[in-house]
Amino acid sequence: DSGVTQTPKHLITATGQRVTLRCSPRSGDLSVYWYQQSLDQGLQFLIQYYNGEERAKGNILERFSAQQFPDLHSELNLSSLELGDSALYFCASSVPITGRNTGELFFGEGSRLTVL
Amino acid sequence: EDQVTQSPEALRLQEGESSSLNCSYTVSGLRGLFWYRQDPGKGPEFLFTLYSAGEEKEKERLKATLTKKESFLHITAPKPEDSATYLCAVRPGGSYIPTFGRGTSLIVHP
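Residue numbers (the working numbering), protein chains in the order written: chain A, 107 to 222; chain B, 81 to 190.
Hints are supplied without guarantee of correctness; some may be wrong.
What the hints assert, rightly or not - Far from chain B, by Cβ distances over 12 Å, these chain A residues were calculated:
(1) 108
(2) 124
(3) 148
(4) 198
To be verified - Chain A side only, calculated, beta carbon under 7 Å to chain B, not exhaustive:
(5) 120
(6) 149
(7) 162
(8) 168
(9) 170
(10) 175
(11) 176
(12) 210
(13) 213
(14) 216
Just so you know, these hints were derived from the structure itself, not from any lab. Glycine included, C-beta positions come from ideal geometry on N, C-alpha and C.
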């Protein structure tokens, strides 16, 4: 158990719809990362937040957005969903408030999104 | 552009048959090379961090080594429970965003 919690575990929705994925980082971690994993693309970095502020953006579509709240949990919003958005979405956390940032990421179990 | 290439894509071993997985990388100012294990339908699980050429880390049947251009994950006398996808990632200098390889899918037959 990594200590990172993601909900929901599974989500089935239709094209054009909007969904929200939720992530609670490990206790004490300040940074949250979102990754998308599909069979043909591997793990693709989407976006990173640190202590409530956006720090880095990767290959995140304009239809996707995220935020990190004061209690450090994060949400990834996916809108105008397309078939190609079907994938596993992972949240990872790092940067413990009490320790050195060694770069390791601790991943949640993921949210599997299926768009029909 | 940072690149991570893992080989082979898939590997089948008999229980007890030792082998190595390769991770070749191109990165600006390596700040860390990471190995993760991922079971089907689960999130990647952190295994090792290597920072400089010549460094080695061990954990049970796994040993990770690092050179200036690649890293190897050696699996000694593997067991069926070692079956998983092994992911390599590199963190470039000036960034906290690791770039992941596509992984090696390992199956160990009893």
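Tell me if residue 210 of chain A is really an interface residue toward chain B, meaning its C-beta lies closer than 7 Å to one of theirs. holds, 5 Å
Hint residue 162 of chain A vs chain B: min CB-CB distance below 7 Å? Given a least distance of 5 Å, the restraint on residue 162 of chain A holds.
Is the nearest CB of chain B more than 12 Å from the CB of residue 108 of chain A? violated, 7 Å
Agreement of hint residue 168 of chain A with chain B interface, Cβ distance less than 7 Å: It is violated, given that the least Cβ distance between residue 168 of chain A and chain B is near 20 Å, above 7 Å.
Was residue 124 of chain A rightly flagged as not at the interface, with every chain B Cβ beyond 12 Å? holds, 24 Å
Taking the closest Cβ pair, is residue 170 of chain A under 7 Å from chain B? Violated: closest Cβ of chain B sits about 17 Å from residue 170 of chain A, beyond 7 Å.
The hint names residue 120 of chain A as touching chain B; please verify it with the least Cβ-Cβ distance against 7 Å. Violated. Min distance 23 Å.
Take the shortest C-beta to C-beta distance between residue 216 of chain A and chain B; is it under 7 Å? holds, 5 Å
Restraint satisfaction for residue 175 of chain A [CB to CB of chain B, less than 7 Å]: violated, 20 Å
Nearest-CB test (12 Å) between chain B and residue 148 of chain A: violated, 4 Å
Grab the minimum C-beta distance from residue 213 of chain A to chain B and call the hint holds if it beats 7 Å, violated otherwise. holds, 3 Å
Minimum Cβ distance from residue 176 of chain A to chain B below 7 Å? Cβ of residue 176 of chain A sits 21 Å from chain B, so the hint is violated.
In summary, the structure is inconsistent with hints 1, 3, 4, 5, 8, 9, 10 and 11 from the numbered list given earlier, while agreeing with the others.
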